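> Just need the whole structure built from these sequences, with the hints factored in.
Under the numbering used here, the first residue of the sequence shown is numbered 3, with each subsequent residue one higher.
All clues given are correct.
Here are the computed lysine-lysine pairs in the DSBU-like style, where the Cα-Cα straight-line distance is at most 30 Å: (1) Lys215 / Lys180; (2) Lys386 / Lys354; (3) Lys297 / Lys259; (4) Lys354 / Lys297; (5) Lys259 / Lys394; (6) Lys357 / Lys401; (7) Lys211 / Lys267.
For the record, the hints were derived by calculation from the structure and aren't laboratory data.
Please read these numbers as outputs of a predicted model, since none were measured by experiment.
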Amino acid sequence: AFTEEDLLTLPDMTDKNKLATMLFLSYTVNAAILCQPFLIPLLTFRGMNLTLDHGVSSLSASCIATYGCWLVNQQISDFQEGFRIGQVATKLMNRRGGENKPRVFSSVYGLINVWRQPFQACLDKLLEGYELGMRQGDIDNAFGSLAMYGHMTTCCGSPLQEIVENYRLYCKNAIMFKEIVFAHSLVGHLQVALSLTGSSEDAYQTYFKITKKDSEHICIQNSFESDGESYKNHFRLIPFRNKLVLFLMDGPDEEIKEWYELGEKVDRTSTQILFPRRIIGFFIDGMIGLSFARKYTDEREMWEEVGNSMISKFQRWRESSEWNFANKLYLLLAERYFLEGDQENAFEHYDKAIKYACDHRFIHEEGLANVAAAKCCLHFDRTKEALEYYNKAKDCYTKWGSTALVRIIDERCCNLTNSVSK
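This is the structure we're talking about:
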């Protein structure tokens, strides 16, 4: 049992063989992140043991930070202890002059601090990790920090036009430095932003000379290993991105189901690490489940269970961070009350979801909550109130920069206005 003071006052590691082993472990972790993530805990614990037994190296802080990530994974969910360990890692890194900052930042601000601090508070630190890594020549960890930044912009609802402008440069840099896995991730984030802004540009065609559809098809085919169950890491983002855009834009239910099912299969073969995009993915899964439970009565039990399981997750997570999770929980609860036909509780929780999203600066989720409330109004023949909610959603999506969603709402409002006038 080591206290925080014990860890911060460990002597420097001097054994050359142990230092070489720490360096080897660091390189191996980089490879494992991309192809064998289940090895990461084993490699992390080995680095922790070397640090505790032989002293601190330049890579010890990143080992401690990765241990903190393990503590906040989906299975353990010890958010308080994980946050404490993340702070220790940051202090140890600073004690040694900021060594290995890009990797420490990607762990602490990408995976740990979101359980105690606002998503928005992590953005600048992750971008700092990227910029510092590029200046220092730590290219792998620089793009690792940038990948976390990409996930976090989705969580925060960062302005879409800024994402489009900035990610064009990030994608070019990733390709130039042959960080192809990260390039695929960045191009995917850019494609989401382009789709939501109403652009017809295919980012995959722009950067890889292959269409989005063909790129996804190749990724999917190459991702199945011999057992038919495991997936390569670069495939894991595709179902998340597609079901997010399709759900927001009211795409065809069959396509949403297809990507939901692929996402489920990927999730079963993933590590338990709660990446930011997984958190948002669970939220969208809950919304899909409760929506489909209303639409498909013969499958209601199955889809309702999906929604209820996600509500349980966000009830636990809200205890850790009300800022990040309260609005999402209230929206899921509103959808469940809608499913049950309980108008009073449904609208009470829609309004709470809208208020918390507004207060906590999640403009995109404020828009989503208004759209969901409008649909509930229409179900109960409250057309004028539906128009009010739709207009509020339009304001949110306009501020976010989503021309595509604004266009969809304009069309709905026009149809509703015509029906009311008749």
